[in-house]
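A.B. asks: Read off the chains here:
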Amino acid sequence: MTEKILGLFPVDWRFELTSLPYVRKIIKSRWMPFLPIVLNLSVFTIILMAGFVGGVSAGNYNFGIMFVWIVWWLLLMMVMVPFFSRIWCMICPLPAFGEWLQRLGFMKVRNKLFGLNKKWPKSLKNMWLVNFLFLGTTYTTGFLTTRPIATFILLMSIIIGSIVLMVVFEKRNFCKYIGCPVGGFLGLYSNMAVTEIRAKNPQICKDHKHKDCVIGNEKGHACPWMIMPFDIGRNTYCGMCLECFKTCPYDNMAINLRPPATDLLVDKNRGLDEAWKAFIMLGIAIFFFLIMQGNMGFLKDWANAKTTEGYLTFVVLHSIFNLLLIPGVFFVFVYASHTFGSKEIPLKKLFTNFSYTLVPMGLIAWIAFSFGILFPNSSYVLHVISDPFAWGWDLFGTAHFPWTPFLTGVMPYFQIGTLLFGLVLSLDIGFKISKQTFQKRDEAVRGFIPIAAFLTVVTIFLIWLFTG
Amino acid sequence: MKNSMKFLIMVLVLLAIPIVILAQTEEPKEKVITINAQQFSYTPGTVEVNRGDRVTIRLISTDVHHGLYIDGYEVSTDARPGQDGSLTFVANNTGKFVMRCSVTCGPFHPYMIGYLKVKPDYRLFGSIWLAVGIFISSILLVIRRQKP
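Sequences listed follow chains A and B, in order. Counting from 1, one number per residue, gives the positions in the first sequence under our numbering. Counting from 1001, one number per residue, gives the positions in the second sequence under our numbering.
It is worth saying that the hints were derived from the structure and are not from the lab. Check each hint, because a few of them may be wrong.
Claimed, not checked - To be clear about the criterion: a stretch of chain A counts as covered by chain B if any three or more of its residues have a C-beta under 8 Å from a C-beta of chain B, and this derived list gives those stretches:
1) 142-148
2) 280-294
3) 401-410
4) 445-451
5) 457-467
As the list claims (entries may be wrong) - Calculated pairs, DSSO-like style, for lysine-lysine (alpha carbon to alpha carbon, straight line, at most 30 Å):
6) A:Lys-440 / B:Lys-1006
7) A:Lys-306 / B:Lys-1006
8) A:Lys-4 / B:Lys-1006
9) A:Lys-125 / A:Lys-219
10) A:Lys-112 / A:Lys-122
11) A:Lys-306 / A:Lys-209
12) A:Lys-219 / A:Lys-119
13) A:Lys-209 / A:Lys-4
14) A:Lys-4 / A:Lys-200
15) A:Lys-209 / A:Lys-219
16) B:Lys-1006 / A:Lys-435
17) A:Lys-119 / A:Lys-206
As the list claims (entries may be wrong) - A few chain B positions that, by computed beta-carbon distances, are all more than 12 Å from chain A:
18) Thr-1034
19) Ile-1060
20) Arg-1080
Beta carbons are placed, not taken as given, at the ideal position from N, Cα and C, and that holds for glycine.
Using the sequences provided together with the hints, build the complete structure.
C.D. replies: This is how it looks when you write it as structure tokens:
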């Protein structure tokens, strides 16, 4: 019998969006994703200029800060990742310069890439590096989200870093393993998405020996993300660049609608690197809440580096909380699962597999957190679009629109509803993972109970933290 | 199944006891609370009142121009050094409400936050009740499906 997500949606249900002729035509055009990247680049040019001219002024009246940390972040967490997987990677303009340099052109196909084309070491083909890179970036959140110049420096570092590293390492190693701070969680959380890119008929790919999607042809590049498009088990490392749609001589690639979180049930390529990514993301949601929406002034002073000691305390506590404390508490519950379920299953396997229950919980926590940014602060956007560089412009007549929080009275209900939905989804995924992991159903039930308790405790903690 | 239902009912009844105790409210009072605003926090960071209290908040700024806006009540005031602000409202809505700075006061201005807690917090108790209910239901569901 086919499993159902939340008892409603069969795991194997799919609707092929690219079966619609005009969608397929757009996807196969070489203008995709070039055109959205260029449009996005124009917005980022304004962001960079605003960041540079904004200097250290208050971030809430700066176009760069508002569009990166309010508009982009909210769209990313609340819309793009849950609904469209890594669509951001498809249209991200930051590595575009490096990629255009590799290809020595904008749209033309050139499979012999410029540069040293070094392979990325096999031992580093995982999320560990980006885990630490992202965690390191969050040490500066007090500056990044409040000082325009800090956002400018971060974005320019990514652009310059991508150009340099993409000349050294082949294809999209920069985005996948090295230099993109958000690439790791986009990959992990895109397992939750209700869309995917997959081969339509795997048998066609199996029978096709030439594998144009892997080596490229005159119509498209070899997969820049260095995956096997004919065998994408999970969304994690598919950057949705659409090259496989162009190269496939059998038109065998598809963008599908599917039930949420189905990739979390793929018992293949699970690893501790992704487990720690899940811990870090959950921990950062909690820490960011305390800094940005909490009432503890001393913590804000620490993150704002009012004193060196305070800042270092923040960095140490933040690191311990994310890297050790959350995994440590989770381990206690996994140990209980091991004890109650079956001791024949290796503890490491249990720990790794059950850590994927934190993916829905983490994404939902970020969505609940994002409501706390959206409702009180989005009116600033009306100001900055009229006067992006704070030069006294009033392009759309909204430059003097006052700060106007909206729906803040009912915001906690949005947050509670979201978190409770996250608990239901996590429990559903948790039991399915338990059945995959334990050999017998009664073991799966017993082993699931401690994990369910952990997920419930985390949900109650988040509800208390956000709204209580 | 019968035992499971009995267990569920027992747990829910037990959970209800603290909620009933905590939901007891005191008589409404007149409360005057002084809040000091300084980049980028309020002192005290949390103000606790009971439902029905008539609350007057006196806002004192010790450095720059600050504001105070209360989510849910949609009332606000502002203060400059030497020029205090004041606002009065009746705390009819229960729960936690965020108090935000409403005047741009520096880089961390959007993060200048305090809390107003109006007891009893039915919303929090109800949410915890629901979360525990979801947990117990999920366990009962998987146990029930296990049986032939």
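A.B. asks: Would you list, in rising numerical order, the hints stated earlier that this structure does not obey?
C.D. replies: 7, 11, 13
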